[in-house]
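Chemist: Protein sequence lines correspond, in order, to chains A and B.
Just so you know, this note's numbering puts 253 at position 253 of the first sequence, and the rest follows in order with no gaps.
Just so you know, this note's numbering puts 311 at position 311 of the second sequence, and the rest follows in order with no gaps.
To be clear, the hints were calculated from the coordinates, so they are not data collected in a lab.
Heads up, none of these hints are tricks.
As a list, the in silico DSS-like pairs of lysine-lysine whose alpha-carbon atoms are at most 27 Å apart:
| id | chain 1 | residue 1 | chain 2 | residue 2 |
| --- | --- | --- | --- | --- |
| 1 | B | Lys290 | A | Lys325 |
| 2 | A | Lys290 | A | Lys304 |
| 3 | B | Lys463 | B | Lys450 |
| 4 | A | Lys290 | B | Lys325 |
| 5 | A | Lys60 | A | Lys43 |
| 6 | B | Lys60 | B | Lys43 |
| 7 | B | Lys304 | B | Lys329 |
| 8 | A | Lys329 | B | Lys290 |
| 9 | B | Lys329 | A | Lys290 |
| 10 | A | Lys304 | A | Lys325 |
| 11 | B | Lys325 | B | Lys304 |
| 12 | B | Lys304 | B | Lys290 |
Protein chains: 2
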Amino acid sequence: MGNEHQQNACEVERWGLFEITVAGPSEGNPFQDVQLSARFEHKHRTVQVEGFYNGEGQYKIRFMPDSEGQWSYSVSSSREELNGASGSFSCVPASAGNHGPVRVRSAYHFAYEDGTPYRPFGTTCYVWTHQEAAIQEQTLASLRTGPFNKIRMCVFPKRYSFNTNEPERFPFEGSQAEGFDWTRPDPIYYEQLEQRIVQLQELGIEADLILFHPYDKGHWGFDRMDAETDAFYLRYLIARLGAYRNIWWSLANEFDFMQTKTMDDWDRFFRIVQESDPYQHLRSIHNGTKMYDPSTLVLYDHSKPWVTHVSMQYWELSPTNAWLKQYGKPVVVDECCYEGNLPQRWGNITGMEMTARFWDGFARGGSVGHGETFLNSEEVVWWSKGGELRGESPARIAFLRQILEEAPGHAEPIDRLRDAPTLGVEGEYYLQYFGIHCPAYRELPLPEEKSFRIDIIDTWNMKVTPLEGTYKGLSRVDLPAAPYMAIRAVAVGEEQ
Amino acid sequence: MGNEHQQNACEVERWGLFEITVAGPSEGNPFQDVQLSARFEHKHRTVQVEGFYNGEGQYKIRFMPDSEGQWSYSVSSSREELNGASGSFSCVPASAGNHGPVRVRSAYHFAYEDGTPYRPFGTTCYVWTHQEAAIQEQTLASLRTGPFNKIRMCVFPKRYSFNTNEPERFPFEGSQAEGFDWTRPDPIYYEQLEQRIVQLQELGIEADLILFHPYDKGHWGFDRMDAETDAFYLRYLIARLGAYRNIWWSLANEFDFMQTKTMDDWDRFFRIVQESDPYQHLRSIHNGTKMYDPSTLVLYDHSKPWVTHVSMQYWELSPTNAWLKQYGKPVVVDECCYEGNLPQRWGNITGMEMTARFWDGFARGGSVGHGETFLNSEEVVWWSKGGELRGESPARIAFLRQILEEAPGHAEPIDRLRDAPTLGVEGEYYLQYFGIHCPAYRELPLPEEKSFRIDIIDTWNMKVTPLEGTYKGLSRVDLPAAPYMAIRAVAVGEEQ
Numbered sequence: 001m002g003n004e005h006q007q008n009a010c011e012v013e014r015w016g017l018f019e020i021t022v023a024g025p026s027e028g029n030p031f032q033d034v035q036l037s038a039r040f041e042h043k044h045r046t047v048q049v050e051g052f053y054n055g056e057g058q059y060k061i062r063f064m065p066d067s068e069g070q071w072s073y074s075v076s077s078s079r080e081e082l083n084g085a086s087g088s089f090s091c092v093p094a095s096a097g098n099h100g101p102v103r104v105r106s107a108y109h110f111a112y113e114d115g116t117p118y119r120p121f122g123t124t125c126y127v128w129t130h131q132e133a134a135i136q137e138q139t140l141a142s143l144r145t146g147p148f149n150k151i152r153m154c155v156f157p158k159r160y161s162f163n164t165n166e167p168e169r170f171p172f173e174g175s176q177a178e179g180f181d182w183t184r185p186d187p188i189y190y191e192q193l194e195q196r197i198v199q200l201q202e203l204g205i206e207a208d209l210i211l212f213h214p215y216d217k218g219h220w221g222f223d224r225m226d227a228e229t230d231a232f233y234l235r236y237l238i239a240r241l242g243a244y245r246n247i248w249w250s251l252a253n254e255f256d257f258m259q260t261k262t263m264d265d266w267d268r269f270f271r272i273v274q275e276s277d278p279y280q281h282l283r284s285i286h287n288g289t290k291m292y293d294p295s296t297l298v299l300y301d302h303s304k305p306w307v308t309h310v311s312m313q314y315w316e317l318s319p320t321n322a323w324l325k326q327y328g329k330p331v332v333v334d335e336c337c338y339e340g341n342l343p344q345r346w347g348n349i350t351g352m353e354m355t356a357r358f359w360d361g362f363a364r365g366g367s368v369g370h371g372e373t374f375l376n377s378e379e380v381v382w383w384s385k386g387g388e389l390r391g392e393s394p395a396r397i398a399f400l401r402q403i404l405e406e407a408p409g410h411a412e413p414i415d416r417l418r419d420a421p422t423l424g425v426e427g428e429y430y431l432q433y434f435g436i437h438c439p440a441y442r443e444l445p446l447p448e449e450k451s452f453r454i455d456i457i458d459t460w461n462m463k464v465t466p467l468e469g470t471y472k473g474l475s476r477v478d479l480p481a482a483p484y485m486a487i488r489a490v491a492v493g494e495e496q
Numbered sequence: 001m002g003n004e005h006q007q008n009a010c011e012v013e014r015w016g017l018f019e020i021t022v023a024g025p026s027e028g029n030p031f032q033d034v035q036l037s038a039r040f041e042h043k044h045r046t047v048q049v050e051g052f053y054n055g056e057g058q059y060k061i062r063f064m065p066d067s068e069g070q071w072s073y074s075v076s077s078s079r080e081e082l083n084g085a086s087g088s089f090s091c092v093p094a095s096a097g098n099h100g101p102v103r104v105r106s107a108y109h110f111a112y113e114d115g116t117p118y119r120p121f122g123t124t125c126y127v128w129t130h131q132e133a134a135i136q137e138q139t140l141a142s143l144r145t146g147p148f149n150k151i152r153m154c155v156f157p158k159r160y161s162f163n164t165n166e167p168e169r170f171p172f173e174g175s176q177a178e179g180f181d182w183t184r185p186d187p188i189y190y191e192q193l194e195q196r197i198v199q200l201q202e203l204g205i206e207a208d209l210i211l212f213h214p215y216d217k218g219h220w221g222f223d224r225m226d227a228e229t230d231a232f233y234l235r236y237l238i239a240r241l242g243a244y245r246n247i248w249w250s251l252a253n254e255f256d257f258m259q260t261k262t263m264d265d266w267d268r269f270f271r272i273v274q275e276s277d278p279y280q281h282l283r284s285i286h287n288g289t290k291m292y293d294p295s296t297l298v299l300y301d302h303s304k305p306w307v308t309h310v311s312m313q314y315w316e317l318s319p320t321n322a323w324l325k326q327y328g329k330p331v332v333v334d335e336c337c338y339e340g341n342l343p344q345r346w347g348n349i350t351g352m353e354m355t356a357r358f359w360d361g362f363a364r365g366g367s368v369g370h371g372e373t374f375l376n377s378e379e380v381v382w383w384s385k386g387g388e389l390r391g392e393s394p395a396r397i398a399f400l401r402q403i404l405e406e407a408p409g410h411a412e413p414i415d416r417l418r419d420a421p422t423l424g425v426e427g428e429y430y431l432q433y434f435g436i437h438c439p440a441y442r443e444l445p446l447p448e449e450k451s452f453r454i455d456i457i458d459t460w461n462m463k464v465t466p467l468e469g470t471y472k473g474l475s476r477v478d479l480p481a482a483p484y485m486a487i488r489a490v491a492v493g494e495e496q
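Required output: the full structure, derived from the provided sequences and hints.
Modeler: Here is the structure:
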């Protein structure tokens, strides 16, 4: 937190948040009537950043510097009294654990802006920030000890099965009973959200923020605002949140279930986000679909240039290789059913199946998102409200994450071995996953010219068993003929 | 066996086998040089049947009568000495257990010709009749106590992993070392095959006979005979085997892996079989495919008029509903991977997974085939050679078969309930299967106007738990939130 809200400080760390607060008029509707922005300059570069009204006569401009050294700024506004302020700060090296925002590094990979590899191990708590404070604190405690480095979460509240409690505050002034003022965002709502985003940042968790969703059906009306309000909402949101380095923009959850929006609307929203965000945070969109009927699957065309990566809901991971090739962008299967016991098909797979889907998706070069849906008497279900994790998969996801953190950052699916999905770097590293398949042995076609150490990995029991000796060329590897096994082969260094 | 080979007997049971044996010339090549046939007449009907040369100067004509009453026949031949024989017999009612050949009864169903419903519970022992006699007897013993009522088996021997022993006899005279005489079938080979087909018939098992396959690659050359030999082979085979009521014609196994045959060849083979078989036994063809890559899936167009039902290799059962609609014919997923521990992906699923695929496919209105591939020191692997069954799925398949034998014969997939595959008859019967899904409860939308008894079925532990009382309308059914459960709801009779 130390450096997160510095005004006119001498020093801001790289990818930290520099904030200017100025007093100004509060009459009329400053949210819409007052234009405010700042020019930030560093050497040859200029970055134009929009400010926002924070209520009570307070205006703010937030900025995330991405280069070390001296930055200067000057403020301009449609209102004389806000115009002309200027200053400077020094951008110093990032502190430990701050690697910058996550970027797409290649057709397969993400990395933090400082080059550190990033593999998404996401979870889903759609409206955890709309619950009472004690539950929010419990969610943070669960995340602190959990394996996740990304969370999908909504700006708007959600009304759905096991989730019908009315939140205290909303992105707009008003309430369900009294209606909303679509011209006045609620700054307190946003300040509370921002606090949670900073807390996620401290835990090393990316906030994959969902900007629209269909779980409203007119109850509040956030799913059917007019085009002007949609655009106003997006610009205000981005002015407030864009400078937090751990933000991703998920344009929607189950976009195709929103009957009031067209494909043109989604294109337009993408362009607004792309134009408004000075930092070009990651952008994607998540599809709904009848999960039991692939013929109804509706996808947004992720090959469009403003989509940075593929966000997918699908219950099989086998198409991952094909999606990677089709779109030429990293693939995140953000939803593949949830571990739990709901009556609904998407919410009642076992921890074993969830774990298998994670391994399958990662071995195919994609990444996979988690969610949990166990019924409980408090009706606090993780996937919606956060709270406690009860399932068997998070410990296994932590184990997988550890295995992959030991893998080369540039590992890709190895096509020649794809009868069992294999992630690797030819000549260096192979991680082959068998899922439900139970071979008594496998013949692994390793390169002839190098020696490899081989481990058998029991992905469910989280056990790594190294084999004796080293292997080269076509190598028979005996296996326990049980499900959920993997083989890892790592080239032995020159010194061996 | 009693009625299977009757010559000029006074009585033959319906769908039994009536056989005429006549002596004739043995010089030259009677297999190809001598034309022999008979006209069978019953009331207004005439059936023309081809005979065949059985070696040693012996000629035979076989006939399966399908109507009770008096039949007469007259023999004609290109050779004077075989010409003109005539006679008659009386076709009497079928004995117990003889329901006639299996027919397609509707877009979803098979039935025996006497109307008894038939659901295929197939297994696969490709070349069990090419093994030494002791193994063949062991296979029959396994089948006797097993759950299967169909077996996929090849006319030609097979050369493949775990299957490289040379058989003693072949469909043509000769051997691999000396070559084959493509103009002379080996009658002793066929007599041995026929004995096995009759033994299967006694066990109530349909012989789904595979006429071509690619597991030869020129070793013997049965996969690359010329067009004339292909046609001669088919006509001879059909003349010999067509009168056995438990024969099905599977044009090929993995037809698309036979690089010497074209789609036109397969059409031609279908038409030869269709024209030559007086009994119109069931006809289909089985696809190969790269099992790990759906994009390489090549299907024969099962909508062609000479295809009676869909025979499919696929490792997922979820498309079953779509195939049923697409083709308007019963769907048999003859291969969906095998229970076992081979290194190959298609041969190493668990018994639990095999059982789940059976339930899934049947609940979707199709049927599913079994195979077993456990490595063993004798190298007698069920899927290829028969022998012993070692797996965990056959007992569960028997349990499923019993459940389905208690179901209405005309049960079809219920589309309105397809978020979990459901087989049933609206208002009468519902069988809903959850597979890997673990709901803690389900709300089953039963009709309002009838009462139903409900059972919870644990498909793996083979346990049926009846619920107390009766249900109508939208009914909450509590479940153990464990995988592999099913719900059965049966309408209570009027007298209740």
